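Novice: Please arrange chain X on chain W, whose structure you already have, making use of the hints.
Protein chains: 2
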Amino acid sequence: MTFSLTILGSNSAIPTLSRNPSAHLLNVNERLFLIDCAEGTQLQIRRFHIHFQRIRRIFISHLHGDHYFGLIGLLNSLHLLGRKEEMHLYGPPLLEEILDLQLKASTTTLVYPLIFHPLSFGSYDLVYDDESVTVHSFPLLHSIPTCGFIFREKKAGRKIRKDLPDDVKIPLSEMKNLVQGDDVMDQEGRFHRNEELTTDPPAPRSYAYCSDTAYTESIIPYIQNCDLLYHESTFMQNMAGIAREKMHSTTVEAATLAKKAGVKKLLIGHFSARYDDLQPLLYEATHIFPETFLAEDGAVIRI
Amino acid sequence: MTFSLTILGSNSAIPTLSRNPSAHLLNVNERLFLIDCAEGTQLQIRRFHIHFQRIRRIFISHLHGDHYFGLIGLLNSLHLLGRKEEMHLYGPPLLEEILDLQLKASTTTLVYPLIFHPLSFGSYDLVYDDESVTVHSFPLLHSIPTCGFIFREKKAGRKIRKDLPDDVKIPLSEMKNLVQGDDVMDQEGRFHRNEELTTDPPAPRSYAYCSDTAYTESIIPYIQNCDLLYHESTFMQNMAGIAREKMHSTTVEAATLAKKAGVKKLLIGHFSARYDDLQPLLYEATHIFPETFLAEDGAVIRI
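Those protein sequences? They're chains W and X, same order as listed.
Going by the numbering used here, the first residue of the first sequence is number 138, and it counts up by one from there.
Going by the numbering used here, the first residue of the second sequence is number 138, and it counts up by one from there.
Only chain W is shown next, with the shape it has when bound in the complex:
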C-alpha cells in the first residue's frame, strides 16, 4: 500500500525561484492529502505531475501567508476545470471567512461542494478517520494559533500466504475471519490454524507534520515513535536567538526533538531564504539525529 510524501515547497516566508514555501502532498493508499498550500502550490502540483483533481482533503496548519496564500487559487482552478467531487478543507475558522469574501468578490459559486471543517487549536483532536487512515491535529507553539497533524495508517488485515497448497481452498465466507486472525475451515472441512495460512501484515506507518513551531517537548506524546517526522528547521543553530524570537526552530532543536520522541526518520524544511546551500543545515541535524533528510521541492519520500 502506498504511503508516500511529495514535497511541494520547502522555503519559509517568501517564494524563491529555487524553493517554494510550504506545501506537502501525502499519498495514503492513493488517497491524496494536501498539507498547507503556499502561493504557487498549484504550479508545483503541475510541475511534479500530480493530477490535482485527485486531492480530496486539504489541511491548513495556520494563517501565515506562506502556508495558505495559494489555497484560493487552487480551489478556483479546480472550479474552472469543472471539478465535481467534494473537497474537504480543515483549517482555522477565519479561513472560511477569507475564502467566502474572495468568492463573493468574484461572484463565484463553486461548481463542487467545498466542505469546511474548523480546527480547534488547543487540543489533540481526531479530525479525520476512514478505513485506512486517521488524522489528528495537535497544538504547536507559534506566534498565531497553529497546529500540527499526524497521519496514522490503520493496521491492515493479515496477509494470506501466496504458497498455500492447491488443495487448500478457503470459502469466501471465511476470508474476512481469516484476515482478522481467526482459525478457519477449508472447503473440504479441514481445520487450519491462522498462522498456517497467513503472515503478519506490514506495520502501520505514520507521518507527522510540524510547521511552524518553536521547540516544544509538549508535542512529543503526539508524535512519539512515528515513522517520519517533518519538523521545521528555519534556522541553523547559530541563530537560535532569532528562532526563539520568531517562534521557529533550529536544525539542532528539530533533531533533538526527533531523538527524544524516538521517531524513525526526520525531515527538515521551512528553510530561511538566506540559505542557498542546505548541506550545513543537514550536517548540524545529522550530528544529533543521523536519520535526518532535507525536504527539497519535488522530493518523494516513501515511508
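Keep in mind that the hints were calculated from the coordinates and are not lab data.
In this text, all values refer to a predicted model and were calculated from it rather than measured experimentally.
Zero decoy hints are in this set.
One-sided excerpt, in silico: chain W residues whose CB lies under 10 Å from chain X:
{"hint": "1", "residue": "ASN157"}
{"hint": "2", "residue": "LEU180"}
{"hint": "3", "residue": "LEU217"}
{"hint": "4", "residue": "GLU234"}
Note that the Cβ used here is the ideal one computed from N, Cα and C, for glycine as well.
Specialist: Just chain X now, with coordinates in the frame of chain W:
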C-alpha cells in the same frame, strides 16, 4: 525617457508552467507601475530580474482571481523584506476588505504604509497624476465591475539644441521659459526666437490596458490613437459565442477595436490555456490589424 512594458503573465484563468496569468509592469521614466497581480507574479518579477521594491503603484482591474490572487503575497513579501516606502494601491473597494482580513488573520501590521485608492467603475477618472504621467481608469464590459487603465506620458519640455554656437549663453533664469517654448534673451542681451535654440520634444507616449472585456466600442474615446493598446484576446474567432457568453474577446474583436480606435500597435494576451501555440491567434489578428504582437511572459516592449 524610458516608457517600456514587461509582460509578467499572459494566460487567462489558470496558471500553467509556460504562462502565468495577468500582470504587466510599466516603466515610465524609471517609475514602476504594476498592473494586475495574478498568483505567482512575485516569482515572475524575480524571474525577469526586476527589483520589486521599486514598484510604487499597483493597479488592480477587477477581482477575478487571475488578476489579483498574487497581490497579498507580494505585499507580504515586501513587508518581510523590510520595505519602508509607501505603496499605493488602486482597486475595487472590496479589495481593501480582503487584504485587511488576511492581514488580521496573520496579526500582521505592515512595516510600510499601504495607501488604498478605491476606483470607481462607472466613469472615466483621473486616478494618478505626476510631473511625467497621468493614469485614467475607464469602465470595461465584463461579468463583474472591471476597469481599464490608460497611462499617458506628459508632453516634455522643448529640447535645447546641442549644436548652439559657443557664444550663445542662456541665463539659468531663462531656461524654464526656453523649454516652455518662449523666445529669450542670451547673456549678451541678444534676442533669440525659440526655434533657433530648441527642437520639438518627442511626442508623449501612451499605453492602454484593457483586460478583461467583451468587445465594446464604448472604450474607443478613452484609448483613441494610443501608442500601444493591450486588449485581451482570450479566444480565437471560432469561439466568438463562448467569448460573448463569458464576456471576453476574440483575436478578431481585439484587432477590430484597435483598427477603429486608430492605435499604433496592438498587444494581445490573456490567452485561454487551450492554446499551446499562439501563432494562429496572431495570424487572425494581424489579418485585420497588421501591427499586432503577442504578449508573452517575459517580453519587454519599448513603446
